[in-house]
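Participant: One letter stands for each residue in the lines below.
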Amino acid sequence: MITKMTHTCVYVLNQESAYDFYVNKLGFNVHTDAPMGEGARWLTVTPPEQPELEITLFLVAEGGMFDKETVAAMTTLIKKGAFGAAVFTCNDLLATYEELVSKGVVFKKPPTKEFYGFEALFMDDSGNWFSLAQING
Amino acid sequence: MQQFEKIYLYRRIVKAKLFIDNHYADDIDLDNVSGQAHFSKFHFIRLFKLIYGYTPNNYLVKTRIEKAKILLGKGNPVLQTSIMVGFHSPTSFAGTFKKITGVSPSAFQKEQLIKKTAMQANPLRFVPNCFAATHGWTEPQY
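Protein chains in written order, with my numbering: chain A, 1 to 137; chain B, 1001 to 1142.
So here's chain A without its partners, still in its complex pose (with noise of 0.2 Å):
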């Protein structure tokens, strides 16, 4: 059976900026920086408390998986911002927010109370879409 999860990706259009994002505004841990030759690098981060959980901010380029065409039509949706990434949580959203916020991050939705739970949405530096949920909101 499975048992976790233990890394995921996040297509991301720009890595050094990507850094700078997760990193210095989300207050995320640089997990894994490894260079892989020919400018390609593995960048994992890990949210402050899940340290177990390798986010991967993976660029999107030609090579390995990615033609041409693909790096076309994934930077085009990424920039449009079709894709949301995941769902983070917090213990307080409003503080969050704030916090996020005067730092330069970019909201399409601000704290609201929703039937389901109180919530926002962000976005990264990419174009990628996150939802931000406070527990037992």
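Some hints could be false.
Claimed, not checked - 27 Å max Cα-Cα, derived DSSO-like pairs, lysine-lysine:
| no. | chain 1 | residue 1 | chain 2 | residue 2 |
| --- | --- | --- | --- | --- |
| 1 | B | Lys1006 | A | Lys103 |
| 2 | A | Lys25 | B | Lys1067 |
| 3 | B | Lys1116 | B | Lys1099 |
| 4 | B | Lys1062 | A | Lys25 |
The set of hints was computed from the structure by calculation and includes no laboratory data.
The hints should help you fit chain B onto chain A, whose structure is shown.
Facilitator: Just chain B, lined up with the frame of chain A:
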């Protein structure tokens, strides 16, 4: 956002938290921080703990140790690191570091440097095989 009751209180507490984030290396007087947030010290501590789960002082210590981990990982000497994150005494730094992380600063630094060296020498060890194979990252030079 204005529809949320007491949002102005959140803004003041967040401002105080960011002040700690940005000035952890300085001699921070938490009385001044609470004053800047326009709260009595008691009210400030209570609200801060309610939002962040730590008292302002414990949060300051936690922040200093987290920053120290980054500096040690980059190879900064322990003594220099303790000063760079705002500790006056290296002994106090070492004790606090060990209490929070479970290892001494020098042991932590050694672990990090071993990991960093391994990451540079054999990065494939840190990449799941499926991704490495898909990218053709299986050549000996990696």
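Participant: All hints are to be evaluated individually against the structure, with a verdict given for each.
Facilitator: Hint by hint, here is what the structure shows:
1. B:Lys1006 with A:Lys103: holds (21 Å)
2. A:Lys25 with B:Lys1067: Judged against 27 Å, a Cα distance of about 15 Å means the pair holds.
3. B:Lys1116 with B:Lys1099: holds (24 Å)
4. B:Lys1062 with A:Lys25: Satisfied, since the Cα-Cα distance of roughly 18 Å is no more than 27 Å.
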